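J.: Below are the chains, spelled out letter by letter.
Protein chains: 2
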Amino acid sequence: MKFLSSIFLGLIAFLAISQENTFNLMPVPSEYLIGDGKFRLRKDFKISVSGPSESRVYGAANRALRRLDGRTGLFFIQDRIDHTDEDPNFAMQIEIDRTGNLELFENESYQLSVSPTKINLSAETDIGALRGIETFLQLLDSDESGYYFPEISIYDRPRFPWRGLLIDVARHFMPVEVIKRNIDGLQAVKMNVLHLHLTEDQGFRVESKVFPKLHQLGSDGKYYTQEQIKEIIKYADERGIRVVPEFDMPGHATSWFVGYPELASLPGPYSIERRFGIMDPTMDPTKESTYQFLEQFIAEMAALFPDQYFHIGGDENNGKQWDENLDIQKFMLDKDIQNNYELQSYFNRRILEILTKNNKQMVGWDEILQPNIPKNIVIQSWRGKEAMYEAAQKGYYSILSHGYHIDLGKPASAHYANEPLPNENPLTEDEEKFVLGGEATMWGELVTPETVDSRIWPRTAAIAERLWSPDFIYEEDDMYRRLEVTSLRLEELGLQHNRNYEMMLRRLSNGYNFEPLKTLVDIIEPLKIYARHNQGVKLTSYAPFTRLADAAKPEAIIARNFRKFVDLYIQEKDPETLYQIQKWLVKWKDNHDSFKKLANKSPILRKAVSLSKDMQSSALIGLQAISDMKLHSRKWKQESKVVLDAAKKPRMECELMIVSAIEKLVDNAN
Amino acid sequence: MKFLSSIFLGLIAFLAISQENTFNLMPVPSEYLIGDGKFRLRKDFKISVSGPSESRVYGAANRALRRLDGRTGLFFIQDRIDHTDEDPNFAMQIEIDRTGNLELFENESYQLSVSPTKINLSAETDIGALRGIETFLQLLDSDESGYYFPEISIYDRPRFPWRGLLIDVARHFMPVEVIKRNIDGLQAVKMNVLHLHLTEDQGFRVESKVFPKLHQLGSDGKYYTQEQIKEIIKYADERGIRVVPEFDMPGHATSWFVGYPELASLPGPYSIERRFGIMDPTMDPTKESTYQFLEQFIAEMAALFPDQYFHIGGDENNGKQWDENLDIQKFMLDKDIQNNYELQSYFNRRILEILTKNNKQMVGWDEILQPNIPKNIVIQSWRGKEAMYEAAQKGYYSILSHGYHIDLGKPASAHYANEPLPNENPLTEDEEKFVLGGEATMWGELVTPETVDSRIWPRTAAIAERLWSPDFIYEEDDMYRRLEVTSLRLEELGLQHNRNYEMMLRRLSNGYNFEPLKTLVDIIEPLKIYARHNQGVKLTSYAPFTRLADAAKPEAIIARNFRKFVDLYIQEKDPETLYQIQKWLVKWKDNHDSFKKLANKSPILRKAVSLSKDMQSSALIGLQAISDMKLHSRKWKQESKVVLDAAKKPRMECELMIVSAIEKLVDNAN
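Chains as they are written, first to last, in this note's numbering: chain A, 1244 to 1913; chain B, 1244 to 1913.
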């Protein structure tokens, strides 16, 4: 530790502008200095841990040792690390001062130094050490002599203290193992909050012992038992990750009303919602019985979820049920409540009282930022950064999820560029401190346990970096390079984003060779934003999320690479680049016949034939554009544009991601 | 039901000898009659269920509907099936008489008829209906007009009432989700017993509230809580699968002694065993305190596991600790116990008393078949069929696992041919009834949660068929054809046997294109029986099971197909066959350079380079053997044999599975 401090003393300023070699680190550490040496990994590699015996480091060190051994096949002699393994002669030394508290603002910093003979990891808290262990694992490299760690000295700490992922387990239920493997993913990229969106119109996902009809009638039998919630919380705690529960109210609450219609603003009966969208059913904020119910319910959940923060949702209340209920109208008149907005504000203050009584801090979507709401709440800004800035200016803590909505299917680069505090932001330095960080939000309309990992990963790693690393780390291509490596490493934790891609292609191919399908799906993406909902099929809870648009990844990397190559070629006219472009185009042109044959054997693919045909036509135009055939008349260009315009049209909720680049080739053809 | 009965009345004899079209059914049903029509599957397909509202059929029908919709992408209108969905106009009618009891000998038969307009499934019990639903799902087919079910009438029932899979969760712990997805696999192939081997020298895997040091000190923290055990049992129950727990005693018990050394025959301290093999630590059968402990422990576990049967292991006690303990020697002298064999018999009788008091039937490995042991026990025969026959002749129930040890890595055909009651067996017809069935045994030395599915599936489906279908269903090639389809269908249940193959290849390839590795691994198999333990590496609990031998499947289907083609070619000299053989050989010959390059970038593969080289050399010889180059001198044959002999040598715990066929080509070369 002393060694490191002295090294860093004079170097910090230098390091801040010199991070050119980012290795495969993601997120990139705050500060580091690279040496020339290599620490050789051999089977006698051993880890010594010192610190409190109940610390999280033992578990993490054991998992790290097994992951390293798994990657390298070295058969480490050390089997299981415990407190009896404290030995200064072991090659790797992990030292911590204390067990960290799993709460906001806890110290997550660490120092890691690799010399040719020794690896030292030190941190004030075990949580910091966990972050350092992941950096250590990311440093593994190899050369002709075998595996090694590069010589390096790292001092690292997060830029923001709240770096989270929301998983909506309500619209589609996600079994415990899905949550666990995603917690592992979060830990690997140094995120520290799992936000569980637990209730929705489409489902109530936690066992309530006080009001059992909530889960019994509101979930189709798909909910977490309280034991399972404890299991998830323990698993997350061991990985230094907070679990923040969200119970969305007063809207998005149909599933509550199936068992307890008396909570709603209009009489029932209610049934679990299968469609998606903003629904009318809303809690009645004027009845004392509503608060009596919520008082008991929140007390039960506050005891179940140990985190200091408790999310009450509060979004997208359309107020229709309130408008239609005469008692509610009378209540508003009596209490001089001007509109539904103020009525929700009244509701929120009542809920805040209950939460305060239970020693919880309230978090809510940006709708809850209403006049007269006390300062001890946290605003989660989903509609834009403005709400976040407004909150900060008024002295509220806030977290950003606008720009991190990974369910919208945007590329990693878009999220990566979403800087919470860009230079031109309106906040003073003091106000900036109220911005706690951000959360990627995995809304659950269109995902199932089979596809959810591919919607979360690897793109969430780019958001993790935005929230952890210094703001001068923003180079997009380098991010993508590291994202690819990170994606592969995430697989070793059990994440299914790559595995299920192939499995889904196999199923779509009805057991036949899926190569022609893969060639197509490799360059398509599901429609972005909410466009999938308007393609003539009804996407409900029980729709088959097993089709082309579900197999296709949100970001088709091969298509991205093709577009990059086309841009490069247009700039530099390099023959190597041209050759690679040509190879792709030929592959896409030649694929159609085998695709047609495959679709004949697998009816689920038949509607994709026209997509495949358009891939072929586009590729053919691309090949013509780069040829020397003197074909490039104005007429050819016009006709090509017509074909390409048609190829851009979405089908099967997907779009071809190579057409825009082929257009550029046409525009640039002689 | 009446319709079916009348059809079958006169046809059973005919059907029994005419099952030529087995579709993709696995296991093949007992009796069926095929029609020419097709039931067209459309989005308005609906299922009506009638029977007791608490029956297992609702859950199963819902899962079936979702699986069908997932495969076909038809967007069925019906969302969730419950008892309000009883409607005679729905296309599929499921009728049951009663909820089945999850116990041995329960009725699992069903009748399924598909006509062009209607599908009827009827069964006495819901468990029978569950079996029928799986048959229904296996019948899905497609043609140019879309998806359909072929016209068929099936009457089906199991040949044996005990059709199980043992999973050893003790030597390597298997998390709950591994167990759940394998339960789904069992249900899909109509097996009905999950036998959990819960304790071993290497780990004690169940929470004991009475003796908490068992799991706290005996498991490295890897155990099922009692809540998780209940979760597993409930999940299995919903799928008509019994869970039989095994607590191995008096040997294989080191992990018990870490917390309770006083149970052992020699003083401790003990620590969790990391090596594999037959270990010395054994319970002391002469101390009353041992039985007092077991009495409390068994009472706790008997209440936790509802199944009527309770497995006490009883295998591989080497008796060394007993020989070394003077008190035990004195006890034997006092009680006139002649040898360790009799002492274990004494122990077993004491345990049997405890089990009887807890209303449990005892099951044990064949060692427990000792004189004077009462008849109300079940013998699980693992050392050979003889013990099973002996047991049956003496009037003991028995189940067969010898020949079904899937951990040994033998081909599916070997297990498939392992008929429990072949024609020449020594049993009378009455004695045969004591043979209850069999169990595939997935012993856990060499498997992890990542690899276990690929060791269980798809081969276990062949065993499932052996135990369910009539004995006249035995054609090997047809079994392999159906096994391939079944393997793909099992993926949709979450099983990882194919997915993790590719994931492991990606990891081994360090993120580079894994094709050259796949070409090699596609034709190698891990060494069979126990040979992997003698290859110079120490395979312990914590060894890295991430290497070539772990990625390689127990049965390399491409190599099998190659061998079949070579046999066919030698018989028939068909040019088409020759062309296919040549294509393979060229691919294998040409692979080596890219493999070498890949191994350069991934040190874990370096020791496999010689395997790849030998694949190349063998393939080259194969190509020479089928060429017309007049090369085939005696000298060439001799030299080739030397090369091929070398290529047969195991490396990295693997062997090339194409060499024997190439030898045949050489032998048959002109």
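Everything labelled a hint here was simulated from the structure, so no lab data went into it. This one's a predicted model, so the numbers in the text were calculated from it and none came from an experiment. Be aware that one or more of the hints could be misleading.
DSBU-like cross-link-like pairs, simulated, lysine-lysine; straight-line CA separation at most 35 Å [to be verified]:
(1) A/K1286 - B/K1839
(2) A/K1289 - A/K1456
(3) A/K1771 - B/K1289
(4) B/K1361 - B/K1465
(5) A/K1892 - B/K1473
In silico contact screen, one side only, chain B against chain A (beta carbon under 8 Å); selected entries [stated by the list, open to error]:
(6) E1516
(7) R1517
(8) N1753
Pair by pair, the computed Cβ-Cβ distance ranges are [unchecked claim]:
(9) B/R1517 - A/D1833: 46 to 56 Å
(10) A/E1470 - B/A1889: 35 to 45 Å
(11) A/G1754 - B/T1599: 42 to 52 Å
(12) B/P1818 - A/N1756: 48 to 58 Å
(13) B/E1672 - A/K1839: 50 to 60 Å
(14) B/S1837 - A/N1756: 17 to 27 Å
(15) A/G1754 - B/S1903: 51 to 61 Å
(16) A/E1470 - B/K1289: 49 to 59 Å
(17) B/A1889 - A/G1302: 38 to 48 Å
(18) A/G1779 - B/K1289: 47 to 57 Å
(19) A/S1837 - B/K1840: 39 to 49 Å
C-beta atoms are modelled at their ideal positions from N, C-alpha and C, and glycine is treated no differently.
J.: All hints are to be evaluated individually against the structure, with a verdict given for each.
T.: Here is what the structure says about each hint:
1. A distance of roughly 24 Å separates the Cα atoms of A/K1286 and B/K1839; the hinted pair therefore holds under the 35 Å criterion.
2. Between A/K1289 and A/K1456 the alpha-carbon distance is near 53 Å, which puts this suggested pair outside the 35 Å criterion.
3. For a cut-off of 35 Å, the pair hint linking A/K1771 to B/K1289 stands: about 32 Å separates their Cα positions.
4. In summary, the hint linking B/K1361 to B/K1465 is not supported, as the alpha carbons are separated by about 50 Å, beyond the 35 Å threshold.
5. With a C-alpha separation of about 51 Å, the suggested pairing of A/K1892 with B/K1473 is violated against the 35 Å cut-off.
6. For B/E1516, the suggested interface contact is broken, since its CB lies about 11 Å from the closest CB of chain A, more than 8 Å.
7. A cut of 8 Å between beta carbons decides the hint on B/R1517: the least distance to chain A is about 6 Å, and the hint holds.
8. With a least beta-carbon distance of about 7 Å to chain A, the hint placing B/N1753 at the interface is held under the 8 Å criterion.
9. Checked against the hint of 46 to 56 Å, the pair B/R1517 and A/D1833 passes, with Cβ atoms roughly 54 Å apart.
10. A C-beta distance of roughly 57 Å is found between A/E1470 and B/A1889, which places it outside the suggested range of 35 to 45 Å.
11. Judged by the Cβ atoms, the range 42 to 52 Å given for A/G1754 and B/T1599 holds: they are separated by roughly 50 Å.
12. A beta carbon spacing of about 23 Å between B/P1818 and A/N1756 contradicts the range 48 to 58 Å that was offered as a hint.
13. Between B/E1672 and A/K1839 the Cβ separation comes to about 57 Å, which falls inside the hinted range of 50 to 60 Å.
14. The hinted range of 17 to 27 Å is satisfied by B/S1837 and A/N1756, whose Cβ atoms lie roughly 21 Å apart.
15. The beta-carbon spacing between A/G1754 and B/S1903, approximately 28 Å, falls outside the hinted interval of 51 to 61 Å.
16. Range check, A/E1470 to B/K1289: Cβ separation about 36 Å, and the 49 to 59 Å hint is violated.
17. Between B/A1889 and A/G1302, the C-beta spacing of about 46 Å keeps the proposed range 38 to 48 Å intact.
18. Checking the proposed 47 to 57 Å range against A/G1779 and B/K1289 shows it is violated: the Cβ atoms sit about 22 Å from each other.
19. Checked against the given bound of 39 to 49 Å, the beta carbons of A/S1837 and B/K1840, roughly 28 Å apart, lie outside it.
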